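Let the hints inform the model, and build the full structure from the sequences given.
Residue numbers (our numbering), protein chains in the order written: chain A, 322 to 662; chain B, 322 to 662; chain C, 322 to 662; chain D, 322 to 662.
A portion of the hints provided could be inaccurate.
[Stated by the list, open to error] Pulled a few chain C residues facing chain A out of the computed Cβ check, cut under 8 Å:
| id | residue |
| --- | --- |
| 1 | Ile323 |
| 2 | Gly354 |
| 3 | Ala355 |
| 4 | Ala361 |
| 5 | Ser365 |
| 6 | Val384 |
| 7 | Ile386 |
| 8 | Arg561 |
| 9 | Thr565 |
[Unchecked claim] Only some residues are given here: those of chain B computed to face chain C with a beta carbon under 7 Å:
| id | residue |
| --- | --- |
| 10 | Glu564 |
| 11 | Leu571 |
| 12 | Glu581 |
| 13 | Ser599 |
| 14 | Ala610 |
Source of the hints: derived by calculation from the structure; they are not laboratory data.
All figures in this text were calculated on a predicted structure; none of them were measured in a lab.
For glycine and all other residues, C-beta sits at the position ideal for the given N, C-alpha and C.
4 protein chains.
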Amino acid sequence: MIVNMSEGATEEQIQHVADRIREAGYQAHITRGAQRAIVAAVGSGRRNEIEALQAAPGVEDVVPIAQPFKLVSRQVHPSRTIVNVAGVHIGGPEIVVIAGPCSVESEEQILSTARAVKKAGARMLRGGAYKPRTSPYDFQGLGTEALRLLDRTRKETGLPVVTEVMSTEDVDIICEHADMLQIGARNMQNFALLRALATIRKPIMLKRGPSATVKEWLLAAEYLLAGGNSQVVLCERGIRTFETETRNTLDLAAVALAKELSHLPVIADPSHGTGRPSLIPPMARAAVALGADGLMIEVHPCPERALSDGPQSLTFEGFERMMSGLQEPLHRVALAAATAS
Amino acid sequence: MIVNMSEGATEEQIQHVADRIREAGYQAHITRGAQRAIVAAVGSGRRNEIEALQAAPGVEDVVPIAQPFKLVSRQVHPSRTIVNVAGVHIGGPEIVVIAGPCSVESEEQILSTARAVKKAGARMLRGGAYKPRTSPYDFQGLGTEALRLLDRTRKETGLPVVTEVMSTEDVDIICEHADMLQIGARNMQNFALLRALATIRKPIMLKRGPSATVKEWLLAAEYLLAGGNSQVVLCERGIRTFETETRNTLDLAAVALAKELSHLPVIADPSHGTGRPSLIPPMARAAVALGADGLMIEVHPCPERALSDGPQSLTFEGFERMMSGLQEPLHRVALAAATAS
Amino acid sequence: MIVNMSEGATEEQIQHVADRIREAGYQAHITRGAQRAIVAAVGSGRRNEIEALQAAPGVEDVVPIAQPFKLVSRQVHPSRTIVNVAGVHIGGPEIVVIAGPCSVESEEQILSTARAVKKAGARMLRGGAYKPRTSPYDFQGLGTEALRLLDRTRKETGLPVVTEVMSTEDVDIICEHADMLQIGARNMQNFALLRALATIRKPIMLKRGPSATVKEWLLAAEYLLAGGNSQVVLCERGIRTFETETRNTLDLAAVALAKELSHLPVIADPSHGTGRPSLIPPMARAAVALGADGLMIEVHPCPERALSDGPQSLTFEGFERMMSGLQEPLHRVALAAATAS
Amino acid sequence: MIVNMSEGATEEQIQHVADRIREAGYQAHITRGAQRAIVAAVGSGRRNEIEALQAAPGVEDVVPIAQPFKLVSRQVHPSRTIVNVAGVHIGGPEIVVIAGPCSVESEEQILSTARAVKKAGARMLRGGAYKPRTSPYDFQGLGTEALRLLDRTRKETGLPVVTEVMSTEDVDIICEHADMLQIGARNMQNFALLRALATIRKPIMLKRGPSATVKEWLLAAEYLLAGGNSQVVLCERGIRTFETETRNTLDLAAVALAKELSHLPVIADPSHGTGRPSLIPPMARAAVALGADGLMIEVHPCPERALSDGPQSLTFEGFERMMSGLQEPLHRVALAAATAS
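Next comes the structure, spelled out in structure tokens:
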């Protein structure tokens with residue numbers, strides 16, 4: 322941590338900062354420039370006490386120089402984590418595609434979708450039982466009935482199931498029925514939920530919040546690891562920007578960056594990330610090309626009749642085409658370098 | 322609702338859309354232009370079925386023309402709501418200033434702060450017992466101990482107390498101790514929490530999420546009203562933008578807009594909204610000038626020793642100066658028009 | 322400037338950074354922590370050479386600790402600048418309201434508007450001759466014809482005129498006709514234009530770009546001052562965010578912050594800042610309350626027939642009401658503190 | 322265009338809107354719902370007169386239903402445009418990689434870089450002569466001296482050259498020396514420059530502005546095509562968001578969307594788009610995977626000594642590795658579907 326003193330800070334103010342740094346357990350190193358001084362907190366101590374010095378007289382600002390997360394970082398855990406979801410390994414050599422409807426709506430709907438996506442190559446099934454909806458008047462999910470339908474579907478297709486948990490009160494029942502629990506984007510900083518899920522024995526998929534920085538996302542994961550659950554998969558699903566042509570802006574650089582900073586697997590959700598069916602296949606290809614460990618895709622037998630997220634759902638046929646597209650070579654023709662030589 | 326057909330949509334596709342509109346309970350009116358047709362859904366029906374038509378063949382997009390919220394709107398409830406918090410009325414003629422520390426840290430800290438802010442004109446006390454913190458390694462609040470200290474402080478100063486609730490599990494205990502419950506910005510779309518708070522008999526302060534539109538904020542309030550709790554105060558506390566000089570961008574137009582669209586009282590929080598003590602007094606004045614019903618301000622006896630949000634807290638003296646500033650006339654000299662005449 | 326070395330940076334890498342800092346004219350101070358070292362560049366030297374060290378091996382990042390602007394800062398120029406626009410002083414005790422149509426459309430339109438806004442208290446006239454339009458098919462302004470009409474209007478009303486300059490080629494002709502030249506938001510970083518306007522003898526109004534930070538805005542002004550023109554007024558007109566209910570997000574904290582960091586006058590433009598007529602009067606009041614030196618407001622005799630920006634223009638009557646509103650006291654009733662005592 | 326009337330709009334207001342629609346050259350179709358009416362403008366007429374109706378009494382809002390651009394759209398021009406830059410074809414089967422330093426700094430620097438990037442497979446050279454810099458105190462480019470060095474470099478290496486034009490005054494001289502002219506992100510809506518470049522016979526690379534929507538970007542291109550220059554390549558280089566870990570947020574969905582909406586070639590610039598060398602190779606792969614027609618990459622012999630953009634420049638070796646990475650198969654192992662069957 323570095324404390325930048327203001328121009329014109331007095332000697333007394335500088336000493337006061339140095340004293341507080343020592344109080345917090347660090348050593349204090351003062352460097353005096355022509356116009357201002359800086360005081361470095363060296364060693365280890367109580368970080369938040371240094372941050373609070375921003376409010377001390379004569380202080381311009383306080384600059385952290387170390388990353389605030391620990392257990393999720395590659396410095397602490399250099400080898401990559403592989404998360405085992407009922408036999409499907411996320412973070413290993415295989416790209417894991419998770420597909421299914423936004424919400425479970427009926428037995429017919431979830432079963433037919435599961436069969437179709439499995440046939441096209443999906444390895445896991447998604448399907449919402451409890452739905453976070455912007456309006457209280459929108460469809461809120463079938464709840465426990467949906468969980469039973471997911472059980473049946475897994476039994477028939479063998480696909481492990483991921484579903485969203487919105488409340489600490491639902492953790493137990495969802496644990497009984499799901500293979501992986503999803504923390505939705507709007508709950509990324511629902512710390513009560515994070516703490517509850519840190520104590521369970523099921524893997525977690527943690528979606529990035531629509532206005533969360535990569536660091537905040539990793540710190541949310543840190544809650545899970547610090548609480549005892551290290552089976553965490555990160556999922557980038559688009560951030561909120563000024564662009565209105567797409568539902569969100571899928572931040573693929575965040576996928577690469579999260580993999581650089583953390584050992585956890587990272588997948589991408591181009592369905593929420595774009596909100597436009599025509600953009601899902603190219604963005605899925607892009608995510609795979611840069612090293613995403615998997616994809617999460619919304620598929621519905623009849624998108625125009627979906628009770629939620631219809632406009633961004635692929636049909637069975639659309640999903641199959643997307644999957645075929647993932648097999649095509651990286652680009653249409655060899656690069657100039659290759660052709661020239 | 323209006324369904325815009327694509328250029329080149331077939332007659333069959335147009336009829337299909339019209340049929341689906343009728344199925345959803347509306348009448349369908351088709352208007353044919355030179356290049357494309359539009360189909361309007363007239364009357365009342367199941368809105369989400371029309372939205373899902375975005376996924377139908379030949380549809381360009383679906384445009385809602387009515388506001389999605391009802392009970393919070395001024396159309397349904399033209400007179401302004403006044404929320405009574407243990408005798409303090411928010412939304413009436415008085416500007417209600419709520420002040421106090423980010424977190425309750427000790428008896429000495431909360432009591433001295435309450436006395437100081439009361440003396441300077443605050444009408445309510447804020448103080449966090451359960452704190453949402455980005456990092457699991459930061460101070461998480463004193464919990465029930467803080468609630469007891471808030472009780473004592475109210476007893477001594479008479480100031481009603483608002484404190485944040487982060488989890489459905491804490492609702493009961495916080496209801497026993499607080500006069501008003503705050504839903505924090507990161508929980509604005511924690512729908513389980515919204516549903517739980519819709520059923521209690523205490524007033525709620527609903528902060529706008531850092532990336533929530535005004536409409537989404539009002540729809541979150543709609544959850545509370547639709548569930549039975551109409552004692553809701555909205556609080557704008559800054560949105561997340563690209564600007565890094567301020568912690569957030571305090572969106573004062575959202576205060577004016579929320580008051581235009583809704584009958585609920587609206588207050589502003591320039592402490593979180595700017596994150597810079599020097600900007601709090603001018604933004605507090607601005608909020609009052611445009612019609613905010615109140616302010617929420619962080620105050621700490623010694624900001625540089627605060628366990629959370631120190632850098633944006635005012636000292637007792639700073640708060641007193643801010644309050645005096647609210648009494649000064651709107652601007653420094655009369656306008657040209659006034660001087661000329 | 323501070324160079325934070327990575328964890329695990331070698332002694333050789335640290336020395337290399339220190340050498341480069343000395344080469345750039347600074348002294349180098351090395352501080353070694355338990356896990357990483359920092360190297361401070363002390364004194365004065367070639368700043369950009371230190372910034373480039375971010376690319377040196379073993380460097381985590383480079384953190385500037387001084388503001389990058391000089392001539393616009395209050396440290397260099399502590400007294401406030403007052404800009405004299407043909408006798409109207411911006412930045413002094415008077416709040417200067419600049420009003421008029423988005424575009425000059427006809428003699429009748431500009432004359433009637435000028436008379437109306439003058440009567441209501443405006444001190445300057447705005448009116449576009451050359452219009453930056455998103456689409457090439459939209460009205461692009463009357464050009465030199467508009468400049469002649471502005472001349473006539475000034476002659477009759479005595480109001481000084483500000484109009485936008487979009488190109489270095491138009492600088493001379495606009496200088497002949499306007500009292501102040503406006504750099505539009507989209508040209509804030511048109512450096513060729515900034516350099517050309519730095520050499521003229523007319524005052525400049527510099528609008529903040531829709532995605533410019535306050536620092537970038539001040540650095541754009543620095544181009545003008547460094548080039549010789551210190552008659553600069555800054556104008557906040559809203560930034561682009563995710564919110565779609567308003568055309569832009571008027572960042573009033575930026576007005577207060579720009580006045581804190583710089584000696585230049587700062588005004589606000591709630592017309593572009595909100596894009597909604599109903600929000601212009603409250604935001605105008607708010608801007609004045611926090612210390613803006615003036616306002617820029619779009620007014621049109623018949624907004625629904627305006628060739629540009631009609632939806633956000635006030636009618637004559639609306640403008641008059643807005644001006645009256647600026648005279649009302651800061652808030653509806655005295656604060657609790659005042660009533661209690 | 323559709324005009325949504327407010328709830329409670331009077332019959333007179335509805336008729337007024339219909340009259341104005343007819344005045345503007347359209348037919349008017351009125352649809353009356355239970356709570357509100359809509360008036361559709363059918364046929365073709367003066368679009369901006371309908372937009373201005375947003376300011377008419379009783380109007381809620383005006384919704385465009387057709388895209389505002391014409392010549393750049395695939396509806397008008399279904400076949401894809403291939404831009405020929407001195408024999409290099411952008412938009413055809415080959416992925417064109419353009420590489421080189423941010424600024425031309427010396428003969429040695431530009432020549433060695435050109436040789437290195439050519440050897441690694443680049444087909445065009447980039448190099449700035451006139452540099453847009455946030456601060457007036459930063460290196461502003463070598464100007465005409467740089468143009469001469471670019472000439473020499475092309476002569477020796479055969480690589481066509483693209484360089485940025487910042488001002489209408491520089492258009493002629495840059496046309497003499499460059500094979501393609503770049504409009505930088507900050508000048509995307511410099512309409513004077515767009516108009517000047519619409520009349521030349523050289524291809525243009527149009528960068529997306531940091532806060533421009535995809536539609537605004539296409540409308541900027543429309544200025545070029547409408548003015549007579551259809552040799553336009555679009556370049557996505559990142560938008561400005563709240564995320565601070567990366568310099569910008571590279572919006573790869575915008576590349577796919579621009580290709581869906583327009584016939585113009587689209588390339589991506591992961592150097593500016595991420596600002597972090599480690600993220601450039603994965604984002605380059607991603608861009609290619611989703612169908613970008615090319616890449617623009619900053620390369621410097623010694624990034625830590627670069628006069629501009631050093632921190633985001635690749636070394637020669639880094640660039641070579643990135644190019645090799647583009648040849649690798651799309652993903653590490655076959656998909657589950659493939660292995661299972």
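Now the hints, each set against the structure:
For C/Ile323, the shortest C-beta to C-beta distance to chain A is roughly 6 Å, which falls under 8 Å, so the interface hint holds. Look at C/Gly354: its Cβ gets to within about 4 Å of chain A, closer than 8 Å, so that hint holds up. Interface restraint check: C/Ala355 against chain A, minimum CB-CB distance 5 Å, threshold 8 Å, status holds. Satisfaction of the interface hint for C/Ala361 is found here, the shortest Cβ-Cβ separation to chain A being roughly 5 Å, below the 8 Å cut-off.
Checking C/Ser365 against chain A by beta carbon gives a least distance of about 6 Å; that is within 8 Å, so the hint holds. Because the smallest distance between the Cβ of C/Val384 and any Cβ of chain A comes to about 5 Å, under 8 Å, the interface hint for this residue holds. Interface hint at C/Ile386: satisfied, since its Cβ lies 5 Å from the closest Cβ of chain A, which is below the 8 Å cut-off. Hint status for C/Arg561: holds, given a least beta-carbon distance of 5 Å to chain A, under 8 Å.
For C/Thr565, the shortest C-beta to C-beta distance to chain A is roughly 6 Å, which falls under 8 Å, so the interface hint holds. Proximity of B/Glu564 to chain C holds as hinted, the smallest CB-CB distance being about 6 Å (cut-off 7 Å). About 6 Å separates the beta-carbon of B/Leu571 from the nearest beta-carbon of chain C, less than 7 Å, and the hint is met. Evaluation of the B/Glu581 hint against chain C yields a held restraint, the C-beta minimum of about 6 Å falling below 7 Å.
For B/Ser599, the shortest C-beta to C-beta distance to chain C is roughly 6 Å, which falls under 7 Å, so the interface hint holds. At its closest, the beta carbon of B/Ala610 sits 4 Å from a beta carbon of chain C; the interface hint therefore holds under the 7 Å criterion.
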